[in-house]
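Engineer: One letter stands for each residue in the lines below.
2 protein chains.
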Amino acid sequence: MAEEDTKGITISKDKDFSAWYSQVVQKAELADIRFGIQGFLVHRPWGFMIIRKIYEYLEQAVEAQGHLPFLFPIAVKEADLQKEKEHAGFSPEVFWVESAGSKKMEERFALRPTGEAQIYPLYSLWFRSHNELPFKGYQSRISVYRNEMTTRPFLRGREFLFFETHDVFNTHEEALDQIQQDLATCENVIREKLKIPFLYFKRPDWDRFKGADATYSPDTIMPDGKKIQLASTHDLGTNFSKAYTIQVLGKDEKKHYVWQTCFGPGIWRSMAALIGIHGDDQGLILPFAIAPLQIVIVPVTFTDKKDVTEKIVKVGQKLEAQLSKVGYRVKFDNGPDTPGAKYNHWELHGVPLRIELGPKEVARRACSLVCRTEKKRIPVALTAVEKDIKKHAKMLDEALEKRATAYFKHNTRSADLFADLKKLLHQHRGFVKSPFCSVHKEGEACADKLQKETEGAVVCGTLYPQEEKVKSGQQCIMCGKAAKHLVYIAKTY
Amino acid sequence: MAEEDTKGITISKDKDFSAWYSQVVQKAELADIRFGIQGFLVHRPWGFMIIRKIYEYLEQAVEAQGHLPFLFPIAVKEADLQKEKEHAGFSPEVFWVESAGSKKMEERFALRPTGEAQIYPLYSLWFRSHNELPFKGYQSRISVYRNEMTTRPFLRGREFLFFETHDVFNTHEEALDQIQQDLATCENVIREKLKIPFLYFKRPDWDRFKGADATYSPDTIMPDGKKIQLASTHDLGTNFSKAYTIQVLGKDEKKHYVWQTCFGPGIWRSMAALIGIHGDDQGLILPFAIAPLQIVIVPVTFTDKKDVTEKIVKVGQKLEAQLSKVGYRVKFDNGPDTPGAKYNHWELHGVPLRIELGPKEVARRACSLVCRTEKKRIPVALTAVEKDIKKHAKMLDEALEKRATAYFKHNTRSADLFADLKKLLHQHRGFVKSPFCSVHKEGEACADKLQKETEGAVVCGTLYPQEEKVKSGQQCIMCGKAAKHLVYIAKTY
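Order-wise, the sequence lines are chains A and B. The working numbering numbers the first residue of the first sequence as 1 and each following residue consecutively. The working numbering numbers the first residue of the second sequence as 1001 and each following residue consecutively.
Derived from the structure by calculation, the hints contain no laboratory data. One or more hints might be untrue.
As the list claims (entries may be wrong) - Below 20 angstroms or equal to it, Euclidean Cα-Cα: the simulated EDC-like pairs (lysine to aspartate or glutamate) are:
1) B:1471 / B:1420
2) A:53 / B:1098
3) A:449 / A:416
4) B:1053 / A:56
5) B:1251 / A:337
6) A:331 / B:1063
7) B:1104 / A:174
8) B:1053 / A:253
9) B:1104 / A:93
10) B:1104 / A:148
11) A:103 / B:1078
12) A:409 / A:224
13) A:104 / B:1467
14) A:104 / B:1098
15) B:1325 / A:448
16) B:1103 / A:78
17) A:331 / B:1059
18) A:77 / B:1059
19) A:103 / B:1098
20) B:1103 / A:98
21) A:103 / B:1093
Said to hold, decoys possible - Residues from chain A that face chain B, not an exhaustive set, calculated with beta carbons under 7 angstroms:
22) 40
23) 71
24) 159
All values reported here derive from a predicted model rather than from experimental measurement. We put the CB at the ideal spot given by N, CA and C, even for glycine.
The shape of chain A in the complex, shown without the other chains (with noise of 0.2 angstroms):
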């Protein structure tokens, strides 16, 4: 055990939510920040393994739906960057590589601030006939690069984690398809999964992606009330195909530019949202899914029995097999620490169960459970431990999902009259679903007025798929005129 963990969490997350995540990040080993170069951070084994199962969940949806895996460079060619440019606009943060060994290169490239601007080029050599569509593919545990002034461990990185799926399509129902599926696969990994609630919006037009026709985003709380933005589908309509001429032939002989759709979680805000909604005093607490170790067994032994010890020993060992075999991720940790370390190693870590074997346990053919929401021992006989783990673990995640759920739904309010809102924004932060006068252009001044007068809130959008009906009489928060839409507010990350 590294000198860095053996101390625990020594602040509380109620009290100081933000230096309670930098500790969690450090102590249960998730990321090490002392790489020395600012917004570059090494992912550690235990955090990468986390990470590493919400990409094989993601990667397992979208392939489900058809998607296939391709790899593209890290490099963007200048020319490509500058048609995707009026898009995007993430020129202004792009890294340059200018030099090899000690020359100047004759042509810089830029290390890719997302996928638009590489994989978009060579679509438009790939496909010929309408026959070769619909195409989906994507690309998985893969960084991007942005030159981002202030950095935060999985919450803003000048290298940070990626995946894209980008879709092409005869059509725009096709099209509209796909996002409802982009829909399902955050409800099956981030909800199902990861146990965290979120609300699905449709962006206001000023707030999305430059590109895109329409953009929808799951947007959850973090403890500290700011609101966090999960993933986003952008429908791209003809945009994109128009800028880098991806077309095929109809059934009409005609050349059709394409409709495209892409999608893209975040995994560090993924990671982060998990980190800090489940989390407690003592550490890390992991849905049983998530975990790269979701039993860890301790026995409980004394050096002045050594018959005794044997005997435990053997008992963890076979156990471990035993639930190795049917497909938990299980360790008997037999290390030199005491028990009372391993458990408070283990708990800061968030593994989801724990098996004690002390001598009492092992004489009654027996073993005690202990849960890392409840922290009670359960005794559970060995022929019963099977049966016992399935239901424990089911019962962690509810306790989990119980808890994110609760919370998610105190801090999601409703106020008609601005007053109240920005009462509710300073007390309880969190959503605050208003009437609004337009989430077009129009609305924007609006958008803009709030953010100016509630120290940086933003209109998160309207509910997807189904919008919620405005109330005859209900007034745009801001401006007073006819409200068309209810929008949910927020602060935000």
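Fit chain B to the known structure of chain A by using the hints.
Structural biologist: Using the frame of chain A, we list chain B on its own:
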């Protein structure tokens, strides 16, 4: 089906291996070299899925040995790279990031040419006590960057795929044991899964990695007779732990420099060997364990027989579901192309087994099974299909292995006289086993002379772990002194 792959391979592998290789890479949709930046290529879905399988097998193999996955940034600090300079000597090839947006950066950083200079500074922070060792870490599915002058798909790139383990031990004995385990990983993945034969060498002193005390590598022979290195393991001794100050407190309460090894299977080179060694004039041939698609089911239907067609489609879909359920990667190809076009397409892509379903077969409750290696139609009852697939998958793998091993053995010769060596290298290329004065410093002059007088042949090394014994009286093939080693000589990629 995209335009480029409809025509099939037009070049004979025997007549022009290099042109054949380029065609297969392009037409089997493995990589796209039209990205527009030299040495940076796009891994297309088919190629990427093959490579992903290689990665998965490697990940399983090293994790079974206790390796933990992590992920380091793409960046390297200039100061850290300097420390490594004398060992690895990558500086002349390093790419530098020097600007962000329109501004020159205060401190430039390099794109990693390999992992040591990034990882070892962190290792110096992570370990304090001998209790924390051994530590085995690795990163997978990453790329590294070197400004190579000539580039070729999967053989040499400015960006190329990487996999690296970095292990830390208390003793040299443990490090030496790890080297045996790295060899086992090569056996497990390269020989067993990819069906690529190789010899495992200890490199001569002048050809080892500069920072290593010893380097070990599996080499194979490509169809053009040149040897290609498939992986390397370095016994780093305490060279890097001294350069980066990686020390732990021993049982004696004193600080000790740790012992290190690192292992890097060549992902691209394994892919190149897979393409080159198994492919034929119809295109790629994939061993069963590596194929993204193991079985393709092709319906043979006729537009004038609608009832029969419906029946065939029903049987095909059912068979696809059945085979998928028992774990095969299978596709029922009900696309618009003709059966003949589909046969060509999937043969070109190397799919091991094809099932044909026509009116006659379906009437008899049967199908035809065709192996990619044999091309004979084997009638199989639908009730026996799972058993026969298992049998023929095994036969295909054995056929690939047999052919590859026969070629490999045929091109591994011996010569005691320089004239014979020269003739063999000219006629057959491949490996030539010859007596050599020394694999240490004092043999380097003979190796230089050899290289000059044979248009570039090199000393691959001595066999490992069992070095062959020199017979009494054998003389160095270059200088005529008493030979101390039997070495293998080959022209190289």
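Engineer: Against each hint, give a clear statement of whether it holds in the structure.
Structural biologist: Now for the hints, and whether the structure bears them out:
1. B:1471 / B:1420: With Cα atoms ~18 angstroms apart, residue 1471 of chain B and residue 1420 of chain B stay inside 20 angstroms; holds.
2. A:53 / B:1098: violated (35 angstroms)
3. A:449 / A:416: Roughly 16 angstroms between the alpha carbons, so the hint for residue 449 of chain A and residue 416 of chain A holds.
4. B:1053 / A:56: This hinted pair holds, its Cα atoms lying about 14 angstroms apart.
5. B:1251 / A:337: Status holds; Cα separation ~16 angstroms.
6. A:331 / B:1063: holds (14 angstroms)
7. B:1104 / A:174: Violated, at roughly 45 angstroms.
8. B:1053 / A:253: Not satisfied, since the Cα-Cα distance of roughly 39 angstroms exceeds 20 angstroms.
9. B:1104 / A:93: Holds - the C-alpha atoms of residue 93 of chain A and residue 1104 of chain B are around 12 angstroms apart, at most 20 angstroms.
10. B:1104 / A:148: With a Cα-Cα distance of about 15 angstroms, the restraint between residue 1104 of chain B and residue 148 of chain A holds, given a limit of 20 angstroms.
11. A:103 / B:1078: holds (16 angstroms)
12. A:409 / A:224: Holds: residue 409 of chain A and residue 224 of chain A sit about 15 angstroms apart, inside 20 angstroms.
13. A:104 / B:1467: Since the Cα atoms of residue 104 of chain A and residue 1467 of chain B sit roughly 47 angstroms apart, the hinted pair is violated (cutoff 20 angstroms).
14. A:104 / B:1098: holds (10 angstroms)
15. B:1325 / A:448: Answer violated: residue 1325 of chain B to residue 448 of chain A is near 55 angstroms, above 20 angstroms.
16. B:1103 / A:78: Distance ~16 angstroms between residue 1103 of chain B and residue 78 of chain A Cα, so the pair holds.
17. A:331 / B:1059: holds (19 angstroms)
18. A:77 / B:1059: The hint is violated at about 33 angstroms.
19. A:103 / B:1098: Distance of about 12 angstroms is within 20 angstroms: holds.
20. B:1103 / A:98: holds (12 angstroms)
21. A:103 / B:1093: Status holds; Cα separation ~10 angstroms.
22. 40: holds (4 angstroms)
23. 71: Holds. Min distance 4 angstroms.
24. 159: holds (5 angstroms)
When the structure is compared with the earlier hints, violations turn up for hints 2, 7, 8, 13, 15, 18 and for no others.
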